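**Q** Residue strings, one per chain:
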Amino acid sequence: RTQSLIRFGQCGNQVGCRFWDLALREHAHVNKKGIYDEALSSFFQNAVLVDMEEGVLSEVLQGPLRQLFSTTQLISDVSGSGNNWAVGHHSYGSVYREQIVDQVRRAAEQCDCLQCFFIIHSMGGGTGSGLGTRVLKLLEDEFPEVCRLVTAVYPSAEDDVITSPYNSVLAMRELTEHADCVLPIENQSLVDIVSKIQHMAHTGKPGSVIKKDSTIISGQGGVAKTEKPFDAMNNIVANLLLNITSSARFEGSLNMDLNEIAMNLVPFPRLHYLVSSLTPLYTLADVNIPTRRLDQMFTDAFSKDHQLMRADPKHNLYLACALMLRGNVQLSDLRRNIERLRPTLSFVQWNTEGWKTGLCSVPPVGHTHSLLALANNTCVKPSFMELRERFVRLYRKKAHLHHYLGVDGMDVSGFSEALSSLTGLIDQYSQLDSTNTAPSQDPPRLNIAC
Amino acid sequence: MSVVTVQLGQCGNQIGPELFSTVYEDSTGAGRKTYQESSRERFFWETSDGVLVARSVLVDMEPKVISQAVAKASKSGKWRYGEKAHFCQKQGSGNNWANGYCVHGPRHKESVEDLVRREVERCDRLAGIFAMMSVAGGTGSGVGTFVTQCLRDMYPQAFILNHLTWPYGTGEVIVQNYNSVLTLSRLYQLSDALVVHENDTVHKICSRLMNIKHISIGDINKVIAHQLGSVLQPAYTGDSPSNYSRNPIGELLSSLVCHPEYKLLSLCNIPQMSHTSLAYSAYTWPGLLKHLRQMLIANARMEEGIDWKVCVPSSRGDSVRTGQMGFNRSLANLMILRGKDVSSADAGAFKDPALYVPWLPPDGTFSLWNSPVPFNGYEKSASLVSNSQSLLKPLDNMVRKAWNMFVSRAYMHQYTKFGISEDDFLDSFTTLEQIISSYSHL
Numbered sequence: 001r002t003q004s005l006i007r008f009g010q011c012g013n014q015v016g017c018r019f020w021d022l023a024l025r026e027h028a029h030v031n032k033k034g035i036y037d038e039a040l041s042s043f044f045q046n047a048v049l050v051d052m053e054e055g056v057l058s059e060v061l062q063g064p065l066r067q068l069f070s071t072t073q074l075i076s077d078v079s080g081s082g083n084n085w086a087v088g089h090h091s092y093g094s095v096y097r098e099q100i101v102d103q104v105r106r107a108a109e110q111c112d113c114l115q116c117f118f119i120i121h122s123m124g125g126g127t128g129s130g131l132g133t134r135v136l137k138l139l140e141d142e143f144p145e146v147c148r149l150v151t152a153v154y155p156s157a158e159d160d161v162i163t164s165p166y167n168s169v170l171a172m173r174e175l176t177e178h179a180d181c182v183l184p185i186e187n188q189s190l191v192d193i194v195s196k197i198q199h200m201a202h203t204g205k206p207g208s209v210i211k212k213d214s215t216i217i218s219g220q221g222g223v224a225k226t227e228k229p230f231d232a233m234n235n236i237v238a239n240l241l242l243n244i245t246s247s248a249r250f251e252g253s254l255n256m257d258l259n260e261i262a263m264n265l266v267p268f269p270r271l272h273y274l275v276s277s278l279t280p281l282y283t284l285a286d287v288n289i290p291t292r293r294l295d296q297m298f299t300d301a302f303s304k305d306h307q308l309m310r311a312d313p314k315h316n317l318y319l320a321c322a323l324m325l326r327g328n329v330q331l332s333d334l335r336r337n338i339e340r341l342r343p344t345l346s347f348v349q350w351n352t353e354g355w356k357t358g359l360c361s362v363p364p365v366g367h368t369h370s371l372l373a374l375a376n377n378t379c380v381k382p383s384f385m386e387l388r389e390r391f392v393r394l395y396r397k398k399a400h401l402h403h404y405l406g407v408d409g410m411d412v413s414g415f416s417e418a419l420s421s422l423t424g425l426i427d428q429y430s431q432l433d434s435t436n437t438a439p440s441q442d443p444p445r446l447n448i449a450c
Numbered sequence: 001m002s003v004v005t006v007q008l009g010q011c012g013n014q015i016g017p018e019l020f021s022t023v024y025e026d027s028t029g030a031g032r033k034t035y036q037e038s039s040r041e042r043f044f045w046e047t048s049d050g051v052l053v054a055r056s057v058l059v060d061m062e063p064k065v066i067s068q069a070v071a072k073a074s075k076s077g078k079w080r081y082g083e084k085a086h087f088c089q090k091q092g093s094g095n096n097w098a099n100g101y102c103v104h105g106p107r108h109k110e111s112v113e114d115l116v117r118r119e120v121e122r123c124d125r126l127a128g129i130f131a132m133m134s135v136a137g138g139t140g141s142g143v144g145t146f147v148t149q150c151l152r153d154m155y156p157q158a159f160i161l162n163h164l165t166w167p168y169g170t171g172e173v174i175v176q177n178y179n180s181v182l183t184l185s186r187l188y189q190l191s192d193a194l195v196v197h198e199n200d201t202v203h204k205i206c207s208r209l210m211n212i213k214h215i216s217i218g219d220i221n222k223v224i225a226h227q228l229g230s231v232l233q234p235a236y237t238g239d240s241p242s243n244y245s246r247n248p249i250g251e252l253l254s255s256l257v258c259h260p261e262y263k264l265l266s267l268c269n270i271p272q273m274s275h276t277s278l279a280y281s282a283y284t285w286p287g288l289l290k291h292l293r294q295m296l297i298a299n300a301r302m303e304e305g306i307d308w309k310v311c312v313p314s315s316r317g318d319s320v321r322t323g324q325m326g327f328n329r330s331l332a333n334l335m336i337l338r339g340k341d342v343s344s345a346d347a348g349a350f351k352d353p354a355l356y357v358p359w360l361p362p363d364g365t366f367s368l369w370n371s372p373v374p375f376n377g378y379e380k381s382a383s384l385v386s387n388s389q390s391l392l393k394p395l396d397n398m399v400r401k402a403w404n405m406f407v408s409r410a411y412m413h414q415y416t417k418f419g420i421s422e423d424d425f426l427d428s429f430t431t432l433e434q435i436i437s438s439y440s441h442l
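Protein chains in written order, with the UniProt record's numbering: chain A, 1 to 450; chain B, 1 to 442.
Bound-form chain B, shown alone:
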């Protein structure tokens, strides 16, 4: 079963190639035939000359990033992008969501749909569509939202997963919070789930865990690709315990998204370290799982600075109180373990009903996948995809800042001139306040 990736805007077209490289290297280096075949079928198709081509559509409103992505892949000699798999324009979206959504999106709808259709039809079976974008800019966010809408119309039954990169809280695009609010409010309806990475979190992983002195965007993207790869590479699942699952996205969604009101998924992966340290580290499954559990309940997104004082409340008391104690309540968790002796790992501590909301049936809250194949050079690797309160604070900050700006009506003229009105903004704010409220009251 294959995944069709749609890379949108600068961010999507920078992370995308890293993801393909990661899964390629991982499956090639693993030396396990079934794993390799399964991974390759999922992400690539093969030409008659044996060249691997990524199952990907690249979309951007300016040409430079796509050119770089395509050139770099070709130069690697290992895999490449399809010759006609990209669509770009010349002038960019100017970091303006309204320009992306109202102007570029509709203008290029047919071209983009044709490209996606071609990739989807090339798959024997479609596991799902994986759209990658940032929420801060204009193309990824605006065109990306429009494209997601088109894909939903084209493939109402298909699984659509959106990967979203959230910007640095200290600001990288001034109107980032507006663009984010407009994106999230609409995607929530259109997408099956939103998998989120925050630049702030990934940056800390790079600096504190991986000891990178001068962190580049490439470094950030490699970490994101590593974490995504750890989820999307082949694994044995509940539904498919002895063969690599052929329905990874479907299973992910049914494990985690039990209710349409709750679609925000966060991701953490341990251990994460520089390559030079890899050789000298030895981890045990109990150790890794203990850390991962505490990271979950204390909402630590990386394996450092974990607050071990936070504990699971014994009574399923009021959520306000537990919230103040720093406890992160979950709706559902999916754990993916890869590597040596994986079958010996005991994930029982994650099944504790006290971790979860009381109104969900306890056997629907925790799922476990695994694979005996070590992932991306790590002898043991544990990932947790969570539907929990962990993104609540960053989301709330985003909405708060966007609201402050909106109250002063700053930058409104830039959006209204392309067709997004103040009422559209209000609708978006309403949707997001609803989501914030839902997650707050877990």
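Next up, chain A with everything else stripped away, as it sits in the complex:
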């Protein structure tokens, strides 16, 4: 069972590299004899790397992971997309369409059974955002039955790319219509997590020494020897992908695979934005300090400080929630914590027991156990509203619009449709939120003649 990983643009390719590095580390830990075991090999054959400028991809080809990829898996151009979604989507999209589809098809043919496409890109730039979403549409056309899971890195408000709101909203419309699941990540949240860990590591308080290799930002023990800027943040996203795929790569008593995630967490087609959290962030090194209680890990998973986007699921409305537990944890720990936390959370009236659970025996490197939570929750609404705000502020003044409209294939309706798609999505979340305040009563049951 395999997944195909398609990485777009600078962000996508950098995160992707961290993913493979950490994946190798994880499998090496389990399989002492060799690192290229069967479960892992399924990932590497099936990667397609796309960037419209050469810098990042050349690094991949020269870097320590170079043996894992053949040059045919890389598709690149020279000058980049200039942070312009229209250039990525329409210009490069048309030029490279065939080549990308061919490469993906070739990768897909090598799979025994293609289960899922993992697509990684940022939203704020031009290539990842524009070309990435163009390919998303192509994948839907060419491989309609294969699940499309997108990890999308959203820009923070202080992003240095001025047009990032345009790029993000234009891309979002595509994600809403053509992706099966989207895991939005916000750079600011990653920054916050990194600084929290570094702060913890440097307080020097007794008993606060963090075990080497155990943080979710650490790349130690991987193949790459030197740490690069953004590595810490990218490692977090890489760890997210590792956790989501753990059930497919390792054994466990209650498997939870990607198709099941897509099924259980998406009650309505467009509402497929899932907030993710990873715990623990690190393991303490001092074995004399009792390991943080298991229950604390569950509590943390629902805290807003552990979410990979700025969102507070605990104080908003859950539509559905998935918990993937890894390591030395038992069923009873899972059930007990669900029962404990359930009263503190609001679930939508028609899904009051909306839990999807999985147990994988193998923990991440450096931990005895870990928890991934994926929430379909209305807490994404504020972020989307803010994004819309930033878009509207630029659009109202028609700022930088000519850069987009000058591109063949792009016209004003693209902008207005993208805006109304986002508005519609926000409205759907608002409607659900409003059901939370109304007193809930079960709808009358089906009446049958006795």
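Derived from the structure by calculation, the hints contain no laboratory data.
Every value quoted in this text rests on a predicted model; they were computed, and no experiment measured them.
All C-beta atoms, glycine included, are put in the ideal place defined by N, C-alpha and C.
A couple of the hints might just be wrong.
Said to hold, decoys possible - Reference excerpt, derived from the structure (chain A facing chain B, CB under 8 Å, subset only):
1. GLU109
2. GLN110
3. ASP112
4. CYS113
5. GLN115
6. ASN255
7. MET263
8. PHE302
9. ASP305
10. LEU331
11. TRP350
12. ASN351
13. ILE448
To be verified - Listed below are the simulated DSS-like cross-link pairs for lysine-lysine, each with C-alpha atoms no more than 30 Å apart in a straight line:
14. LYS109/B x LYS137/A
15. LYS290/B x LYS204/B
16. LYS204/B x LYS314/A
17. LYS109/B x LYS84/B
18. LYS137/A x LYS90/B
Claimed, not checked - Far from chain B, some chain A residues (derived; all Cβ distances over 12 Å):
19. GLN198
20. THR344
21. LYS397
Following the hints, complete the assembly by docking chain B onto the known chain A.
**A** Chain B in isolation, oriented as in the chain A frame:
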């Protein structure tokens, strides 16, 4: 007479191996030759080198669980699965009943039928087919329902018993109630009877009776296997009082399923305790039977927290009133006693007509099997298979939650894209409301 087991999906392929291990250990440890032979013939066949092979077909839409089951059995050195007795695919059913039933089922129909046919033809005489599955996921429930349909078509005269594991009420699969409703409504027509275990109940047995601190799925499955083993292992029955019955499933069905409208069977077994406590406990048959009777009428599924205030109504009054008093009315009960001095046990209290519905002939309501061989390490063991109102509340909860979700049309697109329509859902709801009504008005 042999039983062919069909293990479906992750749950079926996890409980199945536990069941085979339980019956193997029980018959091997018993030191009784006839019992051992009878049990072995029922569940295993022997190769020319004397290796015991389970009479089982393993079906799953992803490979990991079956690989584990097969490997673990082989490693035990005691019994194993047939080399070509399994069928799996790679991509799973995604917890989607429609994917299992409409896509995977038909796609792999012939392969699965061939495997079952091979096992059935290997039996001298077929006692029946025992299909094991969960109702919450996609393969066990969806493919399992489709396979049951195929088996019914292939063997219209054979006895088909489905073992169903119902999920935790607090949720383990979000669409579990949809999958359950779609499964139960169809199986009701296809199967001869549905034997149900609920994860919630078994979990409580593990925590309160067996004192297991960190309960794993393996622990849950062992309890289920123990309870099933206590029913399926050889016993002397009404039809076969001096030899181990050669028609256990047929007799079970004729004792319990008197009317096609009533097919839900629950199971309880006492005593149940941790192995360390086994050595220190001494039970008497009167004590065990008294508890079991109260568990039946008060609908307590385990031997703790039994409400002793519930009593059998003296008049066969209206069922609504008795329902509110917590009394669990039965259609039929089958009791199976195993162990020391079993012939001295007096089950007369279970024959009281007040326990049962008035419209059934009193001599058809209670059946008793026994075996002098202690079961699975328990000096005395008593099981009760009941066709009663005991599953009414969990069934009603399941349907209520599924209906709530259906009214909002949540997740509908996931089912319609594979060919299950809203009308199909409505049909299923109608069937289940009918079953709920029938059991409510006992």
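**Q** It remains to establish, for every hint, whether it holds in the given structure.
**A** Hints, verified against the model:
1. GLU109: Because about 15 Å separates GLU109/A from the closest Cβ in chain B, which is outside the 8 Å limit, the hint is violated.
2. GLN110: violated, 14 Å
3. ASP112: holds, 6 Å
4. CYS113: OK, holds: CYS113/A within 8 Å of chain B, min 3 Å.
5. GLN115: Since chain B brings a Cβ to about 5 Å from GLN115/A, closer than 8 Å, the hint holds.
6. ASN255: holds, 6 Å
7. MET263: Check passed: Cβ of MET263/A comes within 5 Å of chain B, closer than 8 Å.
8. PHE302: Since the shortest Cβ distance to chain B is 16 Å, the answer is violated.
9. ASP305: This hint is violated: ASP305/A lies away from chain B, its Cβ roughly 25 Å from the closest one there, beyond 8 Å.
10. LEU331: holds, 5 Å
11. TRP350: holds, 4 Å
12. ASN351: Holds, about 6 Å.
13. ILE448: With a closest approach of 5 Å, the ILE448/A hint holds.
14. LYS109/B x LYS137/A: violated, 34 Å
15. LYS290/B x LYS204/B: holds, 21 Å
16. LYS204/B x LYS314/A: holds, 29 Å
17. LYS109/B x LYS84/B: holds, 16 Å
18. LYS137/A x LYS90/B: holds, 25 Å
19. GLN198: Fine: 34 Å to the nearest Cβ keeps GLN198/A off the interface.
20. THR344: holds, 14 Å
21. LYS397: It holds; LYS397/A is separated from chain B by about 39 Å at its closest Cβ, greater than 12 Å.
Checked against the numbered hints above, the structure violates hints 1, 2, 8, 9 and 14; every other hint is satisfied.
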